[in-house]
Structures are given as structure tokens and as C-alpha cells.
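Enquirer: Can you build the whole structure from these sequences, using the hints too?
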Amino acid sequence: KTAVSLIQQEWFQISSPADADPNMVEDYMDTFEEFSRHLLHRIVNMADVNGNTAIHYAVSHGNFDVVSILLDSKVCDVSKQNKAGYTCIMLVSLAEIKNDTHRLVVQRLFQLGDVNAKAMQNGQTALMLAASHGRLEMIKLLLDAGAEPNVQDNDGSTALMCAAEHGYMEIVRVLLAHPDTEVCLADNDGSTALTIAMEAGHKDTALLIYANSNFSRGSSPYSSLRMRKRPSPRSTPPPSRPPRTPPPPSPARSRRTSTSTIN
Numbered sequence: 001k002t003a004v005s006l007i008q009q010e011w012f013q014i015s016s017p018a019d020a021d022p023n024m025v026e027d028y029m030d031t032f033e034e035f036s037r038h039l040l041h042r043i044v045n046m047a048d049v050n051g052n053t054a055i056h057y058a059v060s061h062g063n064f065d066v067v068s069i070l071l072d073s074k075v076c077d078v079s080k081q082n083k084a085g086y087t088c089i090m091l092v093s094l095a096e097i098k099n100d101t102h103r104l105v106v107q108r109l110f111q112l113g114d115v116n117a118k119a120m121q122n123g124q125t126a127l128m129l130a131a132s133h134g135r136l137e138m139i140k141l142l143l144d145a146g147a148e149p150n151v152q153d154n155d156g157s158t159a160l161m162c163a164a165e166h167g168y169m170e171i172v173r174v175l176l177a178h179p180d181t182e183v184c185l186a187d188n189d190g191s192t193a194l195t196i197a198m199e200a201g202h203k204d205t206a207l208l209i210y211a212n213s214n215f216s217r218g219s220s221p222y223s224s225l226r227m228r229k230r231p232s233p234r235s236t237p238p239p240s241r242p243p244r245t246p247p248p249p250s251p252a253r254s255r256r257t258s259t260s261t262i263n
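Reading the sequence shown from the start, the letters are residues 1 to 263 in full-length UniProt numbering.
None of these hints come from the bench; they were simulated from the model. Every value quoted in this text rests on a predicted model; they were computed, and no experiment measured them. Treat each hint with caution, since some may be false.
[Unchecked claim] Here are the simulated DMTMM-like pairs of lysine to aspartate or glutamate, each with C-alpha atoms no more than 20 Å apart in a straight line: (1) K74 / D27; (2) K118 / D144; (3) K140 / D180; (4) K83 / D48; (5) K98 / E137; (6) K118 / D155; (7) K140 / D100; (8) K203 / E170; (9) K80 / D114.
[To be verified] Have a look at the derived ranges for each label pair, beta carbon to beta carbon: (10) R108 / N150: 23 to 29 Å; (11) K98 / G146: 22 to 28 Å; (12) L104 / H38: 26 to 32 Å; (13) K83 / G146: 46 to 52 Å; (14) T2 / N150: 47 to 53 Å; (15) D189 / R37: 24 to 30 Å; (16) R103 / S36: 31 to 37 Å.
Built from N, CA and C at the ideal position, the CB exists for glycine as well.
Expert: Take a look at the structure:
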């Protein structure tokens, strides 16, 4: 146990910092593999007290060189959830893609894991996280990789609802252009993406959603708001819901509560 603990401590000191050296990470992995493939598998997928593995840290820091090296090992478990319930695919949805190399690494990661996996605690998907944080490029890559736009979390939220509340017009436009997107889905409060956008004061976003909704329903964008009275504006969440936008890199749903993932 002592030897394993020492190896684990050394491994995380090398692999988890934001400025982790990819060459050093690769050297360590080569050394582990020289002993045995089993040892390499065990070390690469070791989790810290918060359940985070090396790839959780690498994607959270946007260190795509380290991500690529970990994937090259072919032993990295990209579906492993940390104690907050997030996989590396969920965490990478918050990252910023700065060049084509980053894009290729992300595409590779999406091919290796389940882009529709839900976080254990609240049912979020990578698409919802990307939509909540305005990651347009990630939205496109996730949809290309087979992300389903109509998945709802434990509160009934969809990616479209998350984008609508912040008024992320381009993300809303991309989601609406997807042939499977159901515009009129409602969350557990009975709110749709349209009413959410309007209550948040994003009129242009609301009009965009309305233009893509089913006109045969014969309702104006304002009728659904008049039909029901809410106890308080959406900008003032009910007591059971903490403030909506904790800072990244930890995933945070703007519409619902979130749990920190990388401590």
C-alpha cells in the first residue's frame, strides 16, 4: 500500500497541474509500461480523493497535449465518473478549442466515450454543460458525435433551455437546426425554451425559438406567460436552488444547482 500511495502521489504531481509537461507524463507512462501493461492501466486510471483521474484534470485545464498522450496509451477510461458524477467528456465540454489540434483531440475523445452519458447527481450531459457555458464549437462537435439534443436532466432541462436562458443566440440557432430537436419540451416547472428565454429578457432569442416552433398551435410568444403565474421571476431562483453560475472549470448548470468537480 505504501508503494502504491507513493506512486499515486508522484503521478498526480506530474499529471494533474494546469501546466503539466506532456513529455514528462509520457516518460512516466513509458516507465510504467516497461514493468507491465497492467501497472500502466492501474496508474493512468488512478483516482484521487475526489474521484478525479489524470484525464479529468487534463481536460479541465485544457491541456490537450496531455489528453492526447493519455488517449494514446489505449488504457485510459474515458467513461469514469468522479465523485461529483462527471466524466472527462462532460468536463471537456467546458474547454475552449483554440486550434485544429485541439479539435482533433476532442473529436477523438468523443469517439471513445459516450457523449450522452448523464452525471450521476443531476443527470446533466456534455451538451447541456456546453450550452450553459456558451461553447459553440463544442456544441457542434458533440452533435456531430451523436449527442442527443432532447435529453433532459433531473429537473427536465434540455440543452436548448440552458442556451435560451443565457441568450446564446448562435448555440440556440445550431440546436434548432438539428432535425431531432423538440422545441416545445417542458421542464419540471412547465417551462419551455421559449418561455425561459422571454423570462430571462432575451427577446431576440425568444423570437428565434418562436420562429422555429409549431405555428399550428396558434399561440403568440406571450400567451404561455399569461396562462400561468409564477411565484417569482426566473432571475430569482426558489430557495431550494442555489445561485446558477459558479465559475468553471467545474461544470455548472446556469439553470440548476451544480457540484464542484475539481478541487
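Enquirer: Provide an ascending list of the numbers of those earlier hints which the structure does not satisfy.
Expert: 13 and 15
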